[in-house]
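Peer 1: Line order of the protein sequences matches chains A and B. Each residue of the first sequence is one higher than the last, beginning at 1 in this note's numbering. Each residue of the second sequence is one higher than the last, beginning at 1001 in this note's numbering.
Since the hints were derived computationally from the structure, they do not count as laboratory data. One thing to keep in mind: the hints can contain errors.
[Stated by the list, open to error] Pairwise CB distance ranges, derived in the manner of DEER restraints:
id, chain 1, residue 1, chain 2, residue 2, range
1, B, ARG1030, A, ARG127, 56 to 64 Å
2, A, PRO71, B, GLY1290, 42 to 50 Å
3, B, GLY1295, A, LYS125, 52 to 60 Å
[Unchecked claim] Simulated coverage check for chain B against chain A, where a stretch passes if three residues somewhere in it have a Cβ under 8 Å from a Cβ of chain A:
id, stretch
4, 1033-1040
5, 1049-1063
6, 1126-1135
7, 1145-1159
This structure is a prediction, so every number in the text was calculated from the model and none was measured. Each residue gets a CB set at the ideal place from its N, CA and C atoms; glycine is no exception.
There are 2 protein chains.
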Amino acid sequence: MHPFTRIPAQAVSALGEEKLIAEIRRWLGRASPRAPFGIGDDCAVLPPSRGRQLITVDPVIYGQHFDDEVPPRAVGAKLFKRNLSDLAAMGGRPTAGVLALTLDAGVSRKWLEEFYRGLAACARKHRVMIVGGDVAQSDGVVAASLTLLGEAAGERVVTRQGARVGDRIYVTGRLGNSLRSRHHFRFSPRLAEGAWLAAHLGVRAMMDVSDGLAKDLRALTPRAGLAALDPSSIPRRAGATLKSALSDGEDYELAFAFDRRADAGAFEQKWRRAFPRTPLTLIGRFVCAGKAPAGSVDLAQFHGYEHLDAFRKPADRRRGRVLS
Amino acid sequence: MHPFTRIPAQAVSALGEEKLIAEIRRWLGRASPRAPFGIGDDCAVLPPSRGRQLITVDPVIYGQHFDDEVPPRAVGAKLFKRNLSDLAAMGGRPTAGVLALTLDAGVSRKWLEEFYRGLAACARKHRVMIVGGDVAQSDGVVAASLTLLGEAAGERVVTRQGARVGDRIYVTGRLGNSLRSRHHFRFSPRLAEGAWLAAHLGVRAMMDVSDGLAKDLRALTPRAGLAALDPSSIPRRAGATLKSALSDGEDYELAFAFDRRADAGAFEQKWRRAFPRTPLTLIGRFVCAGKAPAGSVDLAQFHGYEHLDAFRKPADRRRGRVLS
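Excised from the complex, chain A in its bound form (with noise of 0.2 Å):
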């Protein structure tokens, strides 16, 4: 579904900005309190937290994270599902947040009715309070950039930070042509796995996949060392490459390191009963730089989705591409 229309009727513009807020509301439904714990004051009002809070932001942009092949009510889940992907990798569990609208005043209300019904829906499943926002117009933008708050599904908060030379790499699902298998917005983000990862203290490291493993990989790998990986264990996507798997990005699975003194095979035995319909592979581990045994994949070969391209043509620019 396009997000513009060409009829002024139809347009977020003909609302005004106070019925705007009042549809949002009612788009959020459940999802959305009363001021002053949600939509309606200058700020919202949250509870005291229970202990150390989490807090990520994403966005989705228009021609970037989504275009017209993708249904409105996915791309509000889409949203939502990102920055719960990002709590997923740390342990984590969310609480409640804030949206920042960004549109051009020719975004049909019927688009955005679906956006913000596919977000309210995600977000009741997760029984998150979407407390607040903005809305503020730009010519040609149709962006929304998500805060989402949380806590620690239990005691403990997994960082990037850990990983030992010796380590095993795992990785959950499979990856790669995310684009194509409409992956990118269907995905589930790996919340339930996250959690029982951060319970088991064999888990030293864990980041989501997001902008390709190969990118991604370099945050976990620790100083010194080298990801030395078994090219033909990589678990891929139907339709997937060696190099697509390693390098499109938005798979948002769940990469680890697990400690080379723990019971690797105890901890297979556990996971598939936890989790019977999610692929747990083992795909290398980390070894001293250039100690990696032969026939490991070369990562350097590989390159990562990159946030910013370098200057690209104009006819190239406002192509756009929907990946992040």
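Got chain A sorted already, so can you dock chain B onto it with the hints?
Peer 2: Positioned in the frame of chain A, the structure of chain B alone reads:
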């Protein structure tokens, strides 16, 4: 300063994402804590809150909230101060923020560095950490959205609800002509004043004036009531007409309702001792609808800033505006 460069080597895209994030951390300096408490992981980790929390989000967008005339340091400061003004309006103080950036690949590094340095100076002044963020690309766009967390400065949070018929209406500072006077980026958010006012139980409801008093006061007005303002009492900024003072927006002053039974004289005297340099003006009262004294301002004749315009002609749309 124009945000875009024609020289590829001077553009943010020449840095690439990883280096850009490293640069952003350098530009933020002491306002950016280390991961996992700050930038560099899937989420930032925040300490437990000390009580109820406040949360607000506001953007700055090129062509809407700033143009080439506004120095980039002032743009960064404006983004921060707009959010501080929302916290001030509830008697809050800031704790931490996350920043979502949306940039054309051709934005100049110099512009972005100045923007961040302006933001960081403001964050350090208010002892706020910028703990995380996101960078996304969108052609032709220069936009940043800050989500700011805060807490009540004292025991009380003041909302927009609670004014009653008979209550006095006060406003801090002066209103109008914000654009030409450059007040729209030079203003000081009324944080100390907001905290002071929240500690006075006579202050029943409060908000910040950002879209023009005529529009904003509607949110403070009790049901079946009406704001009866004395036109001669509205404090105007130099060069402001009555219309500009009521409609322009971007005043970032506080408007509040003061209990009709409380001692206004003693209150005003205390204010003058606490804030000798910030004018406080009684501008009217909330009355029963239809009971406005002769000579009152007819607020229905004034419109505040609308965040979503009706369709404009393409020529007008390209021109853009600088007011939100």
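Peer 1: Would you list, in rising numerical order, the hints stated earlier that this structure does not obey?
Peer 2: 1
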